[in-house]
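A.B. asks: Spelled out from the first residue to the last, the chains are:
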Amino acid sequence: MSASALRLEGHERRLLLLGALAVLCVGVFMTVDAGGRWDFVLPFRARKVATVLLVGYAIAVSTVLFQTVTENRVLTPAIMGFDTLYVLLQTCLLFFLGSRTVASLDPRLLFAVEVAVMVLFSAVLHRWLFEGRGRSIHLLLLTGVVLGVLFRSLSTFLQRVIAPGEFAFLEDRFFASFNNPDPDLLAVSALMTVGASVLGLRLLHACDVLGLGRDVAISLGVDHRRTVSRLLAVVAVLVSVSTALVGPVTFFGLLVANLAHGLVRSHRHVHVLPAAVFLAVIGLLGGQLVLERVFSFGANLRVIIEFLGGLMFITLLMRGALR
Amino acid sequence: MPTRSPDSPLLPEPAFALPGPRGPLPLLALAGLGVLVLAGTSLLIGVSRVSWDALLAPAEHPRALQVLVISRVPRTLALVLAGMSLGVAGLIMQMLARNRFVEPFTAGTAESASLGLLVVTLLAPGIPILARTAVAAGFSMAGTALFLLILRRIPLRSALVVPVVGLVLGAIFDAATTFFAYRFSLLQSLMAWTTGDFSSVLRGRYELLWGAFVLTVLAYVVADRFTVAGMGEAFTTNLGLSHPRIVALGLAIVAMVTAVVVATVGMIPFIGLVVPNVVSLIVGDNARRAIPWVAVLGAGFVLLCDVVGRVVRQPYEIPVGTVAGVVGSLVFLHLLFRRDSRVG
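Protein chains in written order, with the numbering used here: chain A, 1 to 323; chain B, 1 to 344.
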């Protein structure tokens, strides 16, 4: 084998580095301060890590794909109100059916129905907003943000109306935190994620072409409308998964996707997607480690992520990313 | 979409010509009457029964009178004062930022006020309420100034990006607030502060809102300056006025009003946005003419949200802030797309 075959391109080297760092994070997280109780510590932490991996994957991939579809680096599914819609859906379901009915339903069926509604919503939103003539990106952004506020207020409204016991059920069921993942929900989520990924994998090359812009993609022979709808379906599944597992995280995807684009400096999704996933895992696990071990702060990572992600969003706007 | 200069104020034209120089006064009187009816309704609903005949013969119903004086009247007054002052604060902000979509909730003002409240609770828990509010006002002024500073640095400023920046800035303040609230186990109190809720308003607990009323009156006195500032910096300077000074005055009024409202009842989103926008359709963009309208309709909007929140799930109630969030965001979306269909 010649030396040139072993020489890696710049972006490949950076990708490997990110991957190694992510693995390191997982390793340290699993083993640090175990105190010898391996039989207890390992399975307990493994579940935590699995949740983090799933959530990180779902957020990173959904954001990168969404940005490709919308041809914009500032939009994320979360900013467009997708995750608050998921919460609203959950609340509506409980409100109209009651906790007993919801509990008696098969969680997989329930999840599938919810995702179907999400997909429907994303299709409508897409037709209505992205294909409307003369609609500016700013209008889109503002609409998304306000829809988010609307969904959130509506959920709060319904949550106030339902009885406190029912509300506790809702919280319990749909917002498992990183610390206490529900094995059932985790399994269903993993299943959905794999399914969506298989569908997405076949669209990977089309994604690269979509990144060139709508008109170019069409002239290169991509069925734009169909590809975009499918990609949005994948996004909807992934957003549902991540929201079901940890609740809405508005700016994390933005942070990860933009860092990935900046670090890998490649336009191919084969490079950008894994980089974003690695960064998400590093951010979540590494952040958790630093918080817990260095500052002994406990699980309050989401708030910090929101803070940093919000700063990044404003920086992007100031740099003129909306042009 | 036609191109426009980045500073274009985007003020929509009034929907119809004004009958006379002072605007449609009979209409204003009618709106005022509507608000009075709402206020009357607000006085009468609640767990403890208070009816008109009880009030007409107070000697026979001492308890009804007590409920009225201690709880109902203060509550209704608080609603009216908060609605009036928040509406006017929104109007001033829209003129200063020259943008139709700005208000204390979409510019980080309200969130920075609650950050200030949290800080003062942590550092000086025993401090009198007036001082607490002063600190909150300082924070909200700094937050709003930061918002205006960021706006200046954003290239190709579109009218629609402005509220997005404000909402995100608000989210950042909110994250910081939540972080410290979580650290010091104040998350629950924080929730109570930040949702606009009038259920705990009693005599002796809302009087600070009269301060917001005084500020609103002050805004009316200097209204013409805000109208001028709304025409742009060059125009203002041309007339021999100091634009920075007007902006500072406006900011001070808005920040203090927001801080007072947040400190006493919590955040009520979108009033400052929805009400001035509706009013500009009726009477146009002269601040002196608009302020009475904004005050009346702002009070009406908050009263309506409160009545709805109290009736939907008796005997429990849904906070005004939540109802206003739902109604306000729907109206906001409507305004967005109505404008868009006309421009694009």
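Incorrect hints may appear among the rest.
[What the hints assert, rightly or not] FRET-style restraints, in silico, Cβ to Cβ:
#1 A:V32 <-> B:W210: 56 to 66 Å
#2 A:L109 <-> B:Y220: 58 to 68 Å
#3 A:L201 <-> B:L123: 31 to 41 Å
#4 B:L30 <-> A:L109: 36 to 46 Å
#5 A:V32 <-> B:L146: 32 to 42 Å
#6 A:V32 <-> B:L123: 26 to 36 Å
[What the hints assert, rightly or not] So these bits of chain B aren't anywhere near chain A, every CB distance computed over 12 Å:
#7 I154
#8 P163
#9 R183
#10 L218
#11 P244
#12 P269
#13 L330
Think of the hints as simulated: they come from the structure by calculation, not from any bench. None of the values given here were measured: they were computed from a predicted structure. From the three backbone atoms N, C-alpha and C, an ideal C-beta is built for every residue, glycine too.
A.B. asks: Please name the hints from earlier in the document that this structure breaks, with their numbers sorted from lowest to highest.
C.D. replies: Checked against the structure, the hints that fail are numbers 3, 4, 7, 8, 9, 12 and 13, while the rest are satisfied.
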